[in-house]
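Throw the hints in and build the complete structure from the sequences for me.
Residue numbers (the working numbering), protein chains in the order written: chain H, 1 to 103; chain R, 104 to 409.
Watch out, some of these pointers could steer you wrong.
To be verified - As a list, the in silico EDC-like pairs of lysine to aspartate or glutamate whose alpha-carbon atoms are at most 16 Å apart:
(1) R/Lys219 with R/Asp259
(2) R/Lys375 with R/Glu401
(3) H/Lys83 with R/Glu141
(4) H/Lys50 with R/Glu249
(5) H/Lys83 with H/Asp29
(6) R/Lys219 with R/Glu141
(7) R/Lys228 with H/Asp29
(8) R/Lys219 with R/Glu241
(9) R/Lys228 with R/Glu284
(10) R/Lys228 with R/Asp204
(11) H/Lys83 with R/Asp140
(12) R/Lys219 with R/Glu249
Since the hints were derived computationally from the structure, they do not count as laboratory data.
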Amino acid sequence: MPADLRINQTGPQSAVAFRFDGVEMNGQDGDTIAAALFANGIRIFRTMPKTGRARGGFCFVGRCSDCQVIVNGVPGVMACVAKLEPGMRIQTQHGVGAWGDDE
Amino acid sequence: MRSFDIAVVGAGPAGVAAAASAARLDATVVLISETTDETGQLRSELSSTGAGFMAGAQVWGAWPGYELAMHTAAGAQLVRASRVIVATGSTAITRSFLGSDLPGVMTGEGLLRMLKVHGVWPGGKRVAIVGDDAEAIEQLDLAIDEAGGELVALIDANPVARSTNGVLTAIGSRVDGEWTETDIAALCWGRRPDIALALMLECGTRYSGSLGGFVPVRSQTLESTREGVYLCGDCAGIGSVEVARLEGALAGAAASESLGHASGQQVATLQKRLHAEHPGRILAVHEDEMPWRQHAIESVRARRGS
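Set out below in structure tokens:
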């Protein structure tokens with residue numbers, strides 16, 4: 001399923017390897033974290049501090065904070081604007097997350 | 104702290120035009136952009152004008168003087184400027200409804216951005232469009248088509264979303280009670296002016312239905328009620344790209360001129376053009392146009408007997 005969520009792929013793209021909640025995944029050069037996660041079939045990025053309800057991105061312009069994830073132990077990273085980098089360790093953010101939370 | 108004659112906040116069509124027009128009149132200018140998108144293109148566009156450019160800087164505070172505080176990748180930074188041009192644009196209008204927080208419910212512009220800029224379907228290819236902004240719906244429908252997706256429902260009011268597995272799986276309308284299976288619900292309720300920074304700078308505002316909500320009051324040279332703060336583009340009223348560019352050029356020239364940089368006939372010419380081509384963009388304050396306020400003041404005075 002995930003592979004065909006990419007649109008108008010022309011030719012091979014250079015792969016960018018990362019981990020999400022401990023699982024090896026591949027994104028593409030130029031991806032935001034959100035784009036890479038969506039392309040891998042991920043739809044839930046975080047849960048909310050008070051209600052615990054799942055969120056998976058809403059505005060995609062860096063406003064709403066529905067897409068916050070923990071990246072290399074740093075919580076509150078906006079997946080929709082932060083660029084994917086090779087070797088990133090990305091985790092679902094529960095609540096406000098905690099500094100140093102890492103695999 | 105770095106100091107400039109003019110700081111422009113927002114690098115959309117209005118902000119870019121403002122920075123370029125101010126810098127061409129020899130003011131020292133910095134253009135502050137929240138995103139790092141199109142950084143290269145903007146830098147080259149501005150390089151011939153002499154305007155400085157800060158990308159990835161989010162302004163979160165503003166003080167008289169003026170001082171702007173911003174969050175950047177390199178940490179907190181302060182910039183001082185004699186004049187501030189606010190070009191913060193607009194934000195999608197959103198409304199809460201049952202299930203509106205489910206993953207899969209998103210703004211129409213967010214979906215458009217994922218499809219057009221990032222080239223990825225955010226969760227699936229079946230889309231329900233919710234809202235009444237005809238222009239945005241038409242644009243999104245076309246993009247969905249081009250990207251090989253399917254428009255499964257159009258709901259204009261009273262939506263309700265549900266889930267069977269933690270993410271959006273179906274959307275319905277409380278009007279007809281029908282449910283449609285979908286991966287994405289895209290909300291297209293139009294845009295409203297983003298006036299947060301204008302309010303931080305304590306600019307006076309007024310309500311205007313035709314401009315899209317509460318918008319800053321402006322003089323004929325686009326200056327706000329705060330001396331030295333100018334506003335242009337969508338943050339002063341929802342409009343076209345042409346209006347934004349024109350207002351940006353005017354605000355830039357006017358701010359520059361107020362610092363003693365002669366603009367020749369530029370300010371007067373742009374003012375005339377704005378007035379002729381886009382009437383109704385400038386909201387002046389006239390007490391008699393604010394009957395509710397007048398009424399409130401009078402009734403308080405009457406009660407207090409003064």
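Query raised in the report: When the hints from earlier in the document are held up against this structure, which numbers fail?
Result: 1, 2, 4, 7, 10
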